[in-house]
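Novice: Each protein sequence line maps, in turn, to chains Z and X. So my numbering is basically just the index in the first sequence, starting at one, shifted up by 126. So my numbering is basically just the index in the second sequence, starting at one, shifted up by 1349.
Everything labelled a hint here was simulated from the structure, so no lab data went into it. Treat the hints loosely; a few may be bogus.
What the hints assert, rightly or not - Covered by chain X, per the in silico footprint, the following chain Z stretches (three or more residues, Cβ under 8 Å):
id	segment
1	190–201
2	329–337
Claimed, not checked - Short derived list, chain Z residues pointing at chain X, Cβ under 7 Å:
id	residue
3	Phe156
4	Arg185
5	Glu186
All residues carry an ideal CB built from backbone N, CA and C; glycine is no exception.
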Amino acid sequence: MDPGRADLSPLARIYAFLLTLLPPRFRDQFADEMQQVFAQALEGARQRGERAVWALMLRELLDLPSLALRERRWERGLPPYLPAQAAQPRQWLRRPPQFLANLALVALWLFLFRPVYPYIGVIFTRQEFRLNQFALLGVIGLLIYQVRRKGLGLRFGDAPALHTPAVALLLLSSLAFILAERVVDINTLSASLFGLAFYGLLGLWLEPLRWRQGLPAALLLIATLPFGEHLQTFVGYPVRLLTAALVRDGLGHFGVQPIGIDTILVFESGVSQIDLPCSGVKSLWTGGMFLLAATWIEQRKINRRWLLVALIFAFLLFAANLGRVAILVTAGPALGWNLLAEMLHVPLGVLGFAAACAALVWMLRRFAPAEEPPNAAETSRGVGALKRPRWLLPGLMAVILLLAALYTPRPQVAAAQTLGEISFEPNLTVEPWPFTADELDWLSADGPLSANRWRFKWDQNSSLPRTGSLLLITSDTWRAHHRPERCFEAYGLSVEQSHSALIAPDFPLRVLNLSAAQGRFQYSAVYWLQAPGRLTDDYATRIWSDLDPGHQAWVLVTVLFDTALDPTRADLDEFYAGLRQSVARSLEGGLQP
Amino acid sequence: MSDSIDLQPLTESTYFILLALAPGVNHGYAIMKDVGQLSQGRVALSTGTLYGALKRLLEQGWIERLDDPAEGENGRERKFYRLTQLGQTALDGEIVRLNGLLSAAGSRLAGNPAALDPHTRSG
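Between the sequences and the hints, there should be enough to build the whole structure, so can you do that?
Specialist: Written out as structure tokens, the structure is:
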């Protein structure tokens, strides 16, 4: 620590803070000395009286911003004096045709990515993406901090440059966007490609060195998109399964009584908070963000060594979670100390994550080479070092125009496949239960083909009628099929247990045990996903089915019983089978015999 | 670093800074005080203006920046500044230029010495 900082007066602190306005090189060279001189001048002024102090402060505070402006202009090779510069418009304004051509390229590119904007608006405004919004704020805070610390120092060329990595990033991301929109229709992927293509576009004008240095920051911003959800959906279950198997075998090796994988899975999901990013699969997302931030702050090169460090870091995160689950399972199912396990799960998650991050920082500093500071020749070459062929701008415009012409969203499923005319079995009495305006807004956001809700009464033998609510969501895109577990949680119900049950060889159900009011009320629910000829309770299967060229509409069938019961008991089989037939009849083609 | 001297007239601040360094090495705050005294209070440099000018003079090679072997207060390393030969030449050139201006005025107004006294000229 600088010993001089401890005794800074408030005025000297203000002055020291204002020195951050100066460009970094100037600051590095003179800031300490300027603080000393200011402190001495302040002391001298104090001896002359209060008026002298105010005069000094006024002079210094008025002078510092203009010095900062002058020096920044000087570093950019512009005339340093304000009267002279005021008369000179920026370089790009002095060449209006070039400026307008650049603007046209950017406008065309923005037009190409137009389907992404509503999604980005949703991500950064809707409540369910609060974690991503916080992440974005954090990244913006980090950007501001870094800019204040090191200065922005961006220098742009007049015309687009043949900067190969940037051009490649722009074109490949744009092409991938067209394919992603046509084939997979995953908004987060499209938005990520938008971010990458934007950075590529920026590289056409930005100084190459700065562009390369800013890549981790750009990736960090892109990483604030909801990748955690996708990781959870696509790799969450396999990773949990692997973790449970390793914990079972590991504990068995140490003589702990055999514990089944199912027991571990149920126990682990019971005590874990799914939204906590420091545990399980979500730690891969937050860890990825930490990796990018550390790379950027530490100014490390992204190369093969960096990649190796990243892989080791991913392994450490997995290992930390493995250790956490092993301890929890030992404390819970093995020793019966469930309360201790519940108390430990958050601290263990945080500790494991923090330890992996600390190891990452050490590895980055130890093994990943630092970006070399620009030497004088490199800096002077700057934006002028690259070729700026005349054909580049019209060429890029032509390619983007071609891609825009090729853009086609996924085809919509015909309206005949909606469930408007569903007919239920005679024993099932239903009464429509309309959605509220808010519910309808929320359901409509991701574009389902139809959404219907009923109150039902299943009265097969009159001895024990079953009542509850039935929700059918038809959609040709998986995005409109929200996980029922999340929906129940949004309504204040806790998911106590979730497991698969087979009520027929081709009829799997997801069975949920729910509670409300801190366990005072218990409910049961089941759901499945059904398409013509297909039925599953696995959400990932539903998502992956959207990659199938023979695109189908699916119905998410959710049944919430009014009481807790065993949803797999035999007297309900006919209820489920009847419901399945009703849904199948309403879908085009129905079930294949 | 420039090898030749800029023949443009110096700004008042630059001139007084070079003049403050003419006797020998000086620290930033001492330069600031000297400039105030040499200009009889007319030029009051702020810290920012002083260091902006020092940076430019360093880049031109008119002054050099040296470490003070004795550490400053609070353990901070202090720097001092010294005129280079190029800076000395520039200062000498400016003094010659100013002398030239003054002698031109003196020769033109030789018949009326009072005209050289600003106090008597102001009306």
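Novice: List, from low to high, the hint numbers that the structure doesn't satisfy.
Specialist: Failing hint: just 2.
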